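*Asks:* Taken in sequence, the protein lines are chains F and S. Okay, so the first sequence: first residue is 1392 according to this note's numbering, each after it adds one. Okay, so the second sequence: first residue is 10 according to this note's numbering, each after it adds one.
Keep in mind the hints are simulated off the structure, nothing from the lab. Here the structure is a predicted model, which is why all the values come from computation and not from measurement. C-beta: ideal position from N, C-alpha, C; glycine also. There may be inaccurate statements among the hints.
[What the hints assert, rightly or not] Over 10 Å on every C-beta distance to chain F, these chain S residues come out as not near it, computed from the model: (1) R15; (2) D29; (3) R115; (4) F117; (5) S180; (6) D239; (7) F240; (8) D257.
[Claimed, not checked] Listed below are the simulated DSBU-like cross-link pairs for lysine-lysine, each with C-alpha atoms no more than 30 Å apart in a straight line: (9) K1535(F) <-> K1433(F); (10) K67(S) <-> K1553(F); (11) K223(S) <-> K209(S); (12) K207(S) <-> K191(S); (13) K1535(F) <-> K1494(F); (14) K67(S) <-> K1433(F).
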Amino acid sequence: MPNHATIERSLSLLSMLALLVISIGGLVEIVPLFRIETTVEKVAGMRPYSPLEQMGRNIYTREGCYLCHSQQIRPFRDEVDRYGHYSIAAESMYDHPFLWGSKRTGPDLARVGLKYSNAWHLAHLEDPRSVVPVSIMPAYAELKNRDLDLTSIPDHLTALRKVGVPYTDTQIKTAIDDAKAQASGVDADGLLARYPKARLGDFDGQPNRVTEMDALIAYLQVLGTLVDFRDARLDPGAK
Amino acid sequence: MAQRERDALTGRLTTGHEWDGIKELSTPIPTWWITTFLISIMVALIYLWLMPSFATTKSLEPGLLGWSSRGELREEQAIAAAAQAPWRQRLMAVPLEEVSKDEELRRFVQAGGRALFNENCAPCHGVGGGGQQGQFPALLDDDWLWGGKPADIIQTVRHGIRNTDEESRQSAMPVFGDSLSKEQIANVADYVLTLADKSKADSRAALPGAALFKDNCAGCHGENGEGGRDFGAPRLNDAIWLYGGSRDAIIHQITSPRMGSMPSFASRLNEESLRMLALYVHGLGGGE
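So that you can see chain F by itself, here it is in the shape it has in the complex (with noise of 0.2 Å):
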């Protein structure tokens, strides 16, 4: 057995060493990551994000939405109680990045899909006061007069294919067309065909303009109506 004094005066020795007790520690922490996956449950219903809503959801991230709202329901009957179902892995599994959040100064918003009607999203937006008087949110009225940036919508469509989004080259071709679509409800069958369950409308208020407005609200009801809980069945080995 080496003492201290034959390990320190031996370099080769040392560094093996030293590589075999970080090894042990990176494959501890490394290794479950591999199988990630098995953990995420199978729920039918999920899709990737259609192109209004991705656009909407870097909106979302961009004025920084996540810092107040988480997106993530825990398993506590409180939670359970006032926001529904709790969230499951799969919910966000084409979440780039994830937005549960860690912390709450305004209402989770895992589930606010279809929770309220597009006019009040519009007028919640514009003046949260108006329709919540308690309400410390900022007003985002900006967004209405803000056109969304078409063009750069399948960039964002392929990126997000690079780290594991299915869209398919359609769905790359489709997506400005697809993206108009949605904030019009014109012509739309294609796009629900693509995208089951989008919600179509003038979200804006403004029958003319695709606004950021108009991705923000779409991408805000869509959240959590994508998986039907009375058909999906979770972990049921479980006591």
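Could you slot chain S onto chain F? The hints should help.
*Replies:* Showing chain S alone in chain F's frame:
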């Protein structure tokens, strides 16, 4: 290697290292610390064995105790459901109209209904149900768009209004800006403004908008503007205006109508919750 020796001043061993005549005392980690460290490693191993810790090739390895946060949630929900069961059964056992006769049950419904209302309805309709002029109808007056009986309210909450739920309440006011001239629309608006005024009951028939109203509006809003609940057509012969009661606002509404939409709550609220909520709303002041 330098010699380990006992330091004369402290009586302790040195490490044997020496720099320019300065020697280092050997100060080993105390035994109690080493023992605690080893025990905590053992506790950690036992914990990993008992609790879900590792992903296997198929799923998460559940651990010896089989604990899961979801299982704990189910237990908590079962306890809460058991505690509420007698009340919920009592609520479901009586017809909606008779709930208020049972004082205890009325209080249960009031408390539960208020909690449900504040979470689900207040963002649009306001805490207390005051609504938002120009956006969302008030719920505490007796002016109902789709009916103010508890059963009507349940139907409205369950399926919503003008949404993608197949059973949601549907109707659409035509865009009269496409079919009537500006002058005709102004005439209709002038006529509508007289509907609430009893002193003009006889004279209004002579107004130029009277015939237009009869042809275009009365089908849904009624001959005298009393409203039509089958279509969610608002009463026009009272002082309550969702989208404003000025002449300009009425002209605007006829020209390119605004129509509200309400989400469906079928997947969020169960039968008992719908009952509690409907009875709470019914009790806000305008229930029929």
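*Asks:* Work down the list of hints and note, for each, if the structure agrees.
*Replies:* Verification of the hints:
1. The claim that R15(S) lies off the interface holds: its Cβ sits roughly 19 Å from the closest Cβ of chain F, which is beyond the 10 Å cut-off.
2. With a cut of 10 Å on Cβ distances, D29(S) stays outside the contact zone with chain F, its closest approach being about 19 Å.
3. Here R115(S) stays apart from chain F, with its beta-carbon at least about 22 Å from theirs, past the 10 Å limit.
4. Look at F117(S): its CB is around 16 Å from the nearest CB on chain F, clear of 10 Å, so calling it non-interface holds up.
5. The claim that S180(S) is not at the interface with chain F holds, since no C-beta of that chain comes within 10 Å of its own (minimum 15 Å).
6. The claim that D239(S) lies off the interface holds: its Cβ sits roughly 22 Å from the closest Cβ of chain F, which is beyond the 10 Å cut-off.
7. With a cut of 10 Å on Cβ distances, F240(S) stays outside the contact zone with chain F, its closest approach being about 19 Å.
8. Even its closest Cβ contact with chain F, about 18 Å, leaves D257(S) beyond 10 Å, as expected for a residue assigned away from the interface.
9. Distance check on the hinted pair: K1535(F) and K1433(F) sit about 37 Å apart at the alpha-carbon level, beyond 30 Å; violated.
10. For the given pair, K67(S) sits about 26 Å from K1553(F) by alpha-carbon distance, which is consistent with the 30 Å threshold.
11. A threshold of 30 Å between alpha carbons decides the hint, and for K223(S) with K209(S) the separation of about 17 Å falls inside it, so the pair holds.
12. A threshold of 30 Å between alpha carbons decides the hint, and for K207(S) with K191(S) the separation of about 27 Å falls inside it, so the pair holds.
13. For a cut-off of 30 Å, the pair hint linking K1535(F) to K1494(F) stands: about 27 Å separates their Cα positions.
14. Under the criterion of a C-alpha separation no larger than 30 Å, the hint pairing K67(S) with K1433(F) is consistent with the structure, at around 12 Å.
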